[in-house]
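Chemist: Chain by chain, the residues:
There are 2 protein chains.
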Amino acid sequence: MATVNSNYDKLPAIYLFSEIARKTAAFAKKNAGVEILKLGIGNTTEPIGTTIISGFKKGVEKLSKTSTYSGYGDEQGDLRLRSALSNWYKKSKIRIDPLEIFISDGAKSDSANIQSIFGPTTKVAICDPVYPVYKDSNVIAGRKVIYMPCNENNGFFPDVPKEKVDLIYICSPNNPTGAVATQPQLKKFVNFATAKKAVIIFDAAYFAYIKDPKFPKSIYEIPGAKKCAVEINSFSKWAGFTGVRLGWTVVPMDLICQNAKRGKLNSLWNRRQTTMFNGASNIVQEGGLAALTQQGQKESQKVVNYYMENAKLIKKTLERTGLKVYGGQNAPYIWLKVPKGMTSWNFFDKLLEEAHIVGTPGSGFGPSGEGFFRLSAFGHRQNIQKALRSIEKNLKI
Amino acid sequence: MATVNSNYDKLPAIYLFSEIARKTAAFAKKNAGVEILKLGIGNTTEPIGTTIISGFKKGVEKLSKTSTYSGYGDEQGDLRLRSALSNWYKKSKIRIDPLEIFISDGAKSDSANIQSIFGPTTKVAICDPVYPVYKDSNVIAGRKVIYMPCNENNGFFPDVPKEKVDLIYICSPNNPTGAVATQPQLKKFVNFATAKKAVIIFDAAYFAYIKDPKFPKSIYEIPGAKKCAVEINSFSKWAGFTGVRLGWTVVPMDLICQNAKRGKLNSLWNRRQTTMFNGASNIVQEGGLAALTQQGQKESQKVVNYYMENAKLIKKTLERTGLKVYGGQNAPYIWLKVPKGMTSWNFFDKLLEEAHIVGTPGSGFGPSGEGFFRLSAFGHRQNIQKALRSIEKNLKI
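Those protein sequence lines, which keep their order, are chains D and P. Positions 870 to 1266 (our numbering) are the ones given, in order, by the first sequence. Positions 870 to 1266 (our numbering) are the ones given, in order, by the second sequence.
The shape of chain D in the complex, shown without the other chains (with noise of 0.2 angstroms):
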C-alpha cells in the first residue's frame, strides 16, 4: 500500500497567499463593483526594458533555424551566462568561479531544494518572520526548525543562535520586513558558521534594492562566507522576471562538510541537478544575458528605481496616518505595526473591509510576524495611489 509523506501534515493546513486570495474572492463576491487594490504579494507589475526583450527575441529566433537550434543545454546553465554573472560579481570585487555558479529556473526551486543535500538530522535555523519556504522545505523533509527572531528590539535582525544548529537560512534585504542586514551583522554570522562549521544559505534576492552602500549586497563582501557560504539568487526583482523563471544559486569549492566522501558541497548540488533538473529554459537565459549587459542593467535599474519611489509614498502616507512604518528604504517591502489590541489577520480584514485595500498579514510569516502586516511596493503608480487615498481617507485608526 502506498503510504504518503506524513511531514505534510505538520505544515500549516492554509498557505498563506492561497488564504489570502480566498478572503478576497469571498469580499468581491459580497461587494460587486467595488475595486479591490492590492498591495500584497511581492510581484513585479512594469514591462521589461528592450534590452532583455531583444535578448528573448534572440533566444526564440534561435530555436527556428536549424544552425542555431538547441535542445537539452548543461543542467547547471549556459556557461556564457554562468561566465556572465562571474563578471558581474567581479564589479563588486567578489571572485565567484564560473563553475561556482548553477543556474536555475529561480530562486523558490534553488530555496525549497537545497536542503535535500543536507543530512536528515540538521538543525535548521531560520529567520522569523521570513518568506516561507525555507521552512517549509525543511518541514517536509522532517526535519525540526529554530527560529531567529526578528523584532523592534533588534531592528528585526537576529544575533547568532545560542543553540547548536548547522543550517542558517538569511534572507537580506528581508522579505517580508525590508530589514537589510549590515557588514558586521553578516560578519558574526560568518564568524559563527566557521567555527561552528554550520553553512549559511543566503538569500540575496532583493539586492538591487540596496541604494545605501553599507549594507553588503552579497554574502561573499564578508572574508571568510565562501568557506561557509551558499548564495541564492534571483533575476525576478531587479528585471522582472518572477514569471519567466531565472536564477542562480553559488556553491563555492571551498564549501566543505566532513561527514561524508562526497563533503564539497559544490560536487554533491551539480550531482543533485544533473540528476533532477534539466537546466533553465534556453529563450529565458538569453534573455538573462541581456539582462547582465550594461543597458540591460540600466534598464532594469529604472524599474527598481520605480518601485523604491512606490515605497517611498507608502512609507509617507503610514506614517501621516499615525501607523508605525519599518522596511521600504533598502527593500520593496513596508512592514507595519498594526494598531494595539489588534492581530495581523484583524487588521487584512479591517484594511480589505474600510479602504478595499489586500495587504499581506505578517503572522504569516513566522509568529514574531504577529502584530505586523507586509505592504508591498511592486504596482502601477497611479493603482499604489488610489490605494494610498484610499488608506488616508477611510481607513479609521
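These are computed hints drawn from the structure, not numbers from a lab. All values derive from a computational prediction rather than experimental measurement. Warning: the hint list may mix true and false statements.
When chains are identical, the list treats them as one kind, so a pair holds in a single copy or across two.
What the hints assert, rightly or not - Calculated lysine-lysine pairs in the DSS-like style (CA-CA distance at most 27 angstroms, straight line):
no., residue 1, residue 2
1, K926, K1167
2, K1167, K1083
3, K1133, K892
4, K879, K1013
5, K1013, K992
6, K1185, K1033
7, K1171, K934
8, K1057, K1185
9, K1209, K1193
10, K1206, K1262
11, K1219, K898
12, K1013, K1171
13, K934, K1255
14, K927, K1171
15, K931, K907
16, K959, K1031
17, K1096, K879
18, K1133, K879
19, K1206, K934
20, K934, K1181
21, K899, K1056
Since chain D is already given, all that's left is putting chain P on it; use the hints.
Modeler: Same frame as chain D, but now just chain P:
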C-alpha cells in the same frame, strides 16, 4: 556541524552522460581532426515550427507592455494551458479535469520530485533498464528500489512484481529499450496496483512516437487508471522543447492514499508545487499553447516523423551488419544487442574507436541493460547517414 545527505554516496560515482562526455573528449584529444558523430543522448536537433515560434514571440511581446506584462503565474500553470491539455486528452476520449493537470518545467523535474510526496518506507519498483532519474531520486531519498528486469525473454516489458511494492514507475515507450507496453500489459499493472493499493507513475514523454494504434499513448486509456496512476508528460520530444523546458503531470482527484490526513495525492502534489516551485516560464507556456493548436501539432508531428525516418534507417543498417536490433518502431531509440563476449562499455569503445560514433552503453540504464547499447534517432539526417556509412564501412562485427 553541517552534515551532508549520505544517500548521495549510494549513487554510482559517475553519471552516465558525464562519463560518456569524458571518454568522448579524451578520444577527440587523441584524434584531432577526426569527426565524431553523436548518436548518444536523446536530444532533439530539428528547429521548431513557425506556429510555436509565434507563440513564444507572443509571450515575449506581452512582457514588453504594461497592459500585458505578467509576473508570477499560478504555480500549477496557466489555466489556459491546463485547459488546452484537458481538451487534448478529450480527443483520445480521456477525461482529465484542468485542475488535475500541473504544468512543470519538464518531465525530469517532476519524475525526480514526485517521490517526495510518498512516505520514507515506500517500496519502489522500476523497470530495468530505464532512464536513471526514477531510481536516483529514490536512492537520494533513502529508499530501496526493486528492479523489474526487461529482457529479450519478456519483450523488454516486465511482469508485475512478485514482491510487495507501493510505487511502480513505468516509462512507455521506454527509454532506452524503445519497447512499448500493450493494452493488456498495462491493464495487468493497473489491476495489480488497484489490488495492492500501489501507485503507478507513468512516464509518457515519448507518446508521440507511437504509430501502432494497439499501444496506449496514455495510462488513462486503461479503465481504473485514474484511481491508481499519475502520468508525467512533456513537450520536449514531440514539440522540440528539450531546451525550452515544459512538461505536465496529471494527478487525478480519485487517486487517494489512505495513511494520512492529506491522502488525496492531488492536494499533496498541489502543496508540494505551491511550496517548492514557482511555475513554468510564462514565455514558454505561450509556446506550449501554440503547440497544442491543430497547426502546432501538425508542424510538430512532421518533426517526429523525420526522427522516425532516421530510426528506420538506423535499424535497417544495423540489421544489415548482422546486429540484433530492438526498438525504433514506436520509439526514437534503437536498442541493439552487442556482439557476444562484449560488455556495453566495450562496445562503446569499439564504436567510438572504429566508427567514431558516440552511443550510450545499455548498462548505464540498469543491470539488465548490460550487453545492450542505445542509439538515438534524434539528429540531422545527413549526420545520421554519415554515421551509418561509417558503421557499414568501419565497424568490425
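Chemist: Determine for every hint whether it applies to the structure shown.
Modeler: Verification of the supplied hints:
1. K926 - K1167: both (19 angstroms within a copy, 24 angstroms between copies)
2. K1167 - K1083: Classified as within; 22 angstroms inside a copy, 58 angstroms across copies.
3. K1133 - K892: between (46 angstroms within a copy, 24 angstroms between copies)
4. K879 - K1013: So K879 and K1013 pass the 27 angstroms test inside a copy (11 angstroms) and across (25 angstroms) alike.
5. K1013 - K992: Both ways: K1013 and K992 sit 7 angstroms apart in one copy and 26 angstroms across, limit 27 angstroms.
6. K1185 - K1033: Answer is neither; intra-copy 41 angstroms and inter-copy 65 angstroms both fail.
7. K1171 - K934: between (34 angstroms within a copy, 15 angstroms between copies)
8. K1057 - K1185: Answer is neither; intra-copy 33 angstroms and inter-copy 68 angstroms both fail.
9. K1209 - K1193: within (11 angstroms within a copy, 80 angstroms between copies)
10. K1206 - K1262: Within one copy only: 19 angstroms inside, 79 angstroms across.
11. K1219 - K898: within (17 angstroms within a copy, 71 angstroms between copies)
12. K1013 - K1171: neither (41 angstroms within a copy, 53 angstroms between copies)
13. K934 - K1255: between (48 angstroms within a copy, 21 angstroms between copies)
14. K927 - K1171: both (23 angstroms within a copy, 24 angstroms between copies)
15. K931 - K907: This pair counts as between: shortest inter-copy Cα distance 21 angstroms, intra-copy 38 angstroms.
16. K959 - K1031: Intra 35 angstroms, inter 59 angstroms, cutoff 27 angstroms: neither.
17. K1096 - K879: between (33 angstroms within a copy, 26 angstroms between copies)
18. K1133 - K879: The answer is between: 16 angstroms across copies meets 27 angstroms, while 31 angstroms in one copy does not.
19. K1206 - K934: Neither: 56 angstroms inside a copy, 36 angstroms across copies.
20. K934 - K1181: For K934 and K1181, only the inter-copy Cα distance (25 angstroms) is at most 27 angstroms; the intra-copy one is 47 angstroms.
21. K899 - K1056: Answer is neither: 52 angstroms inside a copy and 49 angstroms across each miss the 27 angstroms cutoff.
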